[in-house]
Amino acid sequence: MELLLSRYRNLTVLLLVLFSQLMLLAYQVRSSTQLRTLRVWAVTGVAPFARFLESGRSSVHSFFNDYFILLDVREENRRFKAETNRLKLENNFLRTELATADRARALIEFKGRSPSKTLAARIIATSTSAKTVVLVDRGTSDGVYKGMAVITGDGIIGKVIDSFPLAAQVQLISDSLFGAGVVSQRNRVYGTLKGTGHNRCLVDRIQNEDKVELGEMFYTTGEDRIFPKGLPVGRVVSVQTGPIFKNVEVVPAGLANGLEEILIVLEGQHQEIPVPQTQQDQIQILQPPPAPAATDGRSVPVGTPSNGVLSTDADRLAERYQKKEEQQGAKFGTYGSKPPSFSNLPSAAQTPVQPQATPQAPPPQPQQAKPQQEQP
Amino acid sequence: MMAMTDTSEHILSSGRRRTRVIRPGSIQPFLAILILPLLGVLYQIYVPNFFEQLGYLELPLLIVVYYSLAWRSQIAALFFGAAVGLMQDALSHHYVGLFGITKTLVGYFAASMSLRFDVDNAAIRFILSFFFFVFHQFFYWIMVRALLGLGMAFEPAQMFIQAGLNALVAIPLFIVLDKLNNRWSPRL
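Sequence order for the protein chains is Z and G.
Under the working numbering, the first residue of the first sequence carries the number 1, and numbering increases by one thereafter.
Under the working numbering, the first residue of the second sequence carries the number 1, and numbering increases by one thereafter.
The shape of chain G in the complex, shown without the other chains:
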């Protein structure tokens, strides 16, 4: 059997994590968990009103992915995803639950990934952000089409470009959130 290379060891989560593993509720200030998703949703409903080009940025999703990767707890991540998704649903004009279900799954799978990969790696973060954006958009489209029977355009090319842009934004955003968490949280 081929031995694991340094790169693979680095990518897999067996190595020591450089950033802290945040435990929900105990270490991370409660206000940050409330305020950051709210800011993400506010960005989503307000900024595209004046800068339509910035509407591609799905900040609530990136925040869910970040906390799910940081917490490494599937249950906490799925509840967090559900809460953020339901908040988005409440501010949308469709039935409540579409974003909730989608982000619940994103939270759960992102937390599952964090148990296997070194999520401090920028390349891994880029790939995961890209993948979860595509998953989010595709699953949302499936839900709208299959559950509600509503017509919704599906443009793969546009979706992949947006996924790439979101993943690019995710790297500096996650670094900023890392610094925020490192300041607020004592080292475990």
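Same shape as in the complex, but just chain Z:
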């Protein structure tokens, strides 16, 4: 046996190492744990390097932006001595700066507007196994814990799947293991959002009979206890009928403008799903027609109500009942008063008609209902 082991020493060591790692894997699968200590060490060891790299990159980037571009602008100004060119270059530079500032301001405005308590964070690294899992520079020391939602001003982008002292691991909405409860804006169709590993996501568990329209927005339901209700998820770009369920593809709204700055939801607050723009909002409604003219002395048709507007037989009958009530000074259905007697209703001819003798008014302008602005 010893001879055998010494002869196949390398192979034996290989098998032992493989076996021990397989046991490690089996232990994790069986106990549903993921060797947290090892991960904490690894992430805590790597996070400072990643932060250092990120801060270095930001500094170099801003240095080049702030210094060299300005330097170029000045040299160009000196060379050409033309005010127009200088203004154009300055304008371009300021536009870039403004775009950056706009993005940061939008995030701050959203943070102030959102009822949820959020924490701003930056992505500092990606996972080694998939690009759909990232590391952010906030961890348990900042109050970030596993299960928290991660969003931007445009919509949800993922959830915290592990948190370490200096960093946290965020599973993006595009990860193939991601899931969230969603509901469509117009038809209130419920489904489960799933990542595909690409930039688009699928909404699963929607029956073929349910109606989902192209361009429709999906929002979070809040039932997964991770994302607060009412956050935008994405817009439908493809709907296909499947064997049982529809294949609904959405483009995530949160990933639209890059992922440099994100918000971690520390305390989520549910909010209402915005009312969608419906077809009724675009219906053109005319004003009521003018009163009939009686200047020529002719009487108006019998039974025309006192306001001069033509009505149905039911309206005219109801008016006769009301007249009877007024004559008797009683109100039908009122507690404590004597019920009126409707035995001798005034005939339609006896009904006094007071047509309004208004001059012929010009035809009114059609009033168009102002369509509601689409909610984000």
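Quick caveat, the hints were computed from the structure, so don't treat them as lab data.
Backbone N, C-alpha and C fix where the C-beta goes; we use that ideal spot for every residue, glycine too.
Hints are not guaranteed to be accurate.
[Unchecked claim] Which residues of chain Z face chain G? A partial, calculated answer using Cβ under 8 angstroms:
no. : residue
1   : L22
2   : L24
3   : L25
4   : V43
5   : T126
6   : S129
7   : K131
8   : V133
9   : G197
[What the hints assert, rightly or not] A few chain G residues that don't get close to chain Z, going by computed Cβ distances all over 10 angstroms:
no. : residue
10  : F131
11  : A157
12  : M159
13  : G164
Add chain G to chain Z, keeping to what the hints say.
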């Protein structure tokens, strides 16, 4: 029996090696073994964040292949591969051990290859890097599917293109690492 040609003699490892055979622990500075894989992993987690196109580059794998070929020791190579793989696992979001097992095998087989071939040859390095990338990706996919039962896309065309790109990068990378080792290590 046909005699061996000059080319085959050159490719097989019977010829004299131009670069040094690095003995782990004794000659190669310990820090380089620690820092280079760390840099490889840092590259993998940081650079694709800004340059998504560079995400195809599997630097930790290339470093494992290089040291396994250079050490010519199967045991040292498999432990090195396991260590780098476990470090990658710790920074991933799946169970610890998937990269570890895969890179252990890569280290062991790469060291076995170095005993048979002249691994200083650029063409051999290209072929070995290509082969080990494909082996790594395929074996990882098998592990995820078979052991964990998770769905993972397998795209052969993309994998072969990435393998070619990694092998192309491996040639200059290995030359740089050769120079680094030659500077630090005395000739045997």
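Consistency of the hints with the structure:
1. L22: holds (7 angstroms)
2. L24: At 5 angstroms from the nearest chain G Cβ, L24/Z passes the 8 angstroms test, so the hint holds.
3. L25: The hint holds - L25/Z has a Cβ within 8 angstroms of chain G, the shortest such distance being about 4 angstroms.
4. V43: holds (7 angstroms)
5. T126: Because about 5 angstroms separates T126/Z from the closest Cβ in chain G, which is inside the 8 angstroms limit, the hint holds.
6. S129: holds (4 angstroms)
7. K131: Holds. Min distance 6 angstroms.
8. V133: holds (4 angstroms)
9. G197: It holds, given that the least Cβ distance between G197/Z and chain G is near 6 angstroms, below 8 angstroms.
10. F131: F131/G clear of chain Z: closest Cβ-Cβ about 18 angstroms, beyond 10 angstroms.
11. A157: Holds, because the least Cβ-Cβ distance between A157/G and chain Z comes to about 16 angstroms, which exceeds 10 angstroms.
12. M159: About 15 angstroms separates M159/G from the closest Cβ of chain Z, which puts it past 10 angstroms; holds.
13. G164: holds (20 angstroms)
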